[in-house]
Amino acid sequence: MTDDELVYRRVFRAPRDLVWRCLTEPAELQHFWGPHGMATPVDGIVVELRPGGRFETLMLGGSGSHRMVATFTEVVPPQRLAWVEPASGMHTTSTLDDLGDGSTAVVIHQRYVPQALRAPEARAGFLTSLDKLERHLARLVQGDRS
Amino acid sequence: MGTTVEDQRLDALFTALADRTRRDIVARLSEGEATVKELAAPYVMSMQAVSQHIRVLERSGLISRGRHRQTRPCRLEPAALETAVSWIEQSRRTWSERMDRLDAHLARRQAGEDR
Chain A
546 MTDDELVYRR VFRAPRDLVW RCLTEPAELQ HFWGPHGMAT PVDGIVVELR PGGRFETLML
606 GGSGSHRMVA TFTEVVPPQR LAWVEPASGM HTTSTLDDLG DGSTAVVIHQ RYVPQALRAP
666 EARAGFLTSL DKLERHLARL VQGDRS
Chain B
5 MGTTVEDQRL DALFTALADR TRRDIVARLS EGEATVKELA APYVMSMQAV SQHIRVLERS
65 GLISRGRHRQ TRPCRLEPAA LETAVSWIEQ SRRTWSERMD RLDAHLARRQ AGEDR
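Protein chains in written order, with this note's numbering: chain A, 546 to 691; chain B, 5 to 119.
No lab work stands behind these hints, which were simulated from the structure alone. Heads up, some of the hints might be wrong.
To be verified - So the derived label-pair ranges between C-beta atoms look like this: (1) B:Ala83 to A:Arg595: 29 to 35 Å; (2) A:Val621 to B:Ala45: 50 to 56 Å; (3) A:Glu593 to B:Ala108: 51 to 57 Å; (4) A:His581 to B:Glu62: 52 to 58 Å; (5) A:Val621 to B:Arg96: 52 to 58 Å; (6) A:Glu619 to B:Lys41: 47 to 53 Å; (7) A:Asp562 to B:Ser68: 52 to 58 Å; (8) A:Pro560 to B:Glu62: 49 to 55 Å; (9) B:Arg97 to A:Pro560: 23 to 29 Å; (10) A:Arg599 to B:Gly36: 46 to 52 Å; (11) A:Arg554 to B:Thr25: 31 to 37 Å; (12) A:Val587 to B:Gln94: 34 to 40 Å; (13) B:Glu35 to A:Pro560: 52 to 58 Å.
All C-beta atoms in this analysis are idealised placements derived from N, C-alpha and C, irrespective of residue type, glycine included.
Let the hints inform the model, and build the full structure from the sequences given.
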């Protein structure tokens, strides 16, 4: 784990196969995918579980709807799942780790990859910039602005 | 689905910040406003090249330039930085809350019917 990516890690008391199913089956996704106050109806979820396949969710709320449109880039059951959202360039990778005691660690890596930055050398610069950005902002928030 | 205005803003912001010289300029402007000439002083590159970087930063909204004085000093726009950081924060929150719900869902799944 490096500090230049967005990383979320959580341990679930559930076997890895079940966690994998929850992350890849519309019937399961509908129960937890959408943000609080929004519904994610099962018939609005598309999962074509193969590299290049579609991954789409429709989230409905009182104040409007949000549609996530993504393409799977990596599908390795039951351990690795990655997709990219072409509209925003957001790249998300989920890694499922069997901890051997009936629990599963899930790590989500998320990178924002704007069109102009998809080249590896540009990406390195982008990740460094996120670091710097946070430091700058911390300084500004501390009232260091002139 | 097309890109939203917000996506375009973020693209411009992150593109602007992907370059070392431009990050350096942003860092220096966090200490106070400066003219293009002052900003160009430490670099070997031409004034023109520095002006080009400044135009990219200006388009991204990260900096603005004075309208009145002839030197048109550059200054940082903290709100633009906050936009980028709040995007980071929002993603973090989305996933953190989603994981909470998955946790509850897994508990229910295992307590009740296990297919």
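These are the hints, each one checked on the structure:
no.	hint	result
1	B:Ala83 to A:Arg595: 29 to 35 Å	violated, 42 Å
2	A:Val621 to B:Ala45: 50 to 56 Å	holds, 53 Å
3	A:Glu593 to B:Ala108: 51 to 57 Å	violated, 27 Å
4	A:His581 to B:Glu62: 52 to 58 Å	violated, 38 Å
5	A:Val621 to B:Arg96: 52 to 58 Å	violated, 25 Å
6	A:Glu619 to B:Lys41: 47 to 53 Å	holds, 50 Å
7	A:Asp562 to B:Ser68: 52 to 58 Å	holds, 54 Å
8	A:Pro560 to B:Glu62: 49 to 55 Å	holds, 54 Å
9	B:Arg97 to A:Pro560: 23 to 29 Å	holds, 28 Å
10	A:Arg599 to B:Gly36: 46 to 52 Å	holds, 50 Å
11	A:Arg554 to B:Thr25: 31 to 37 Å	holds, 35 Å
12	A:Val587 to B:Gln94: 34 to 40 Å	violated, 26 Å
13	B:Glu35 to A:Pro560: 52 to 58 Å	holds, 54 Å
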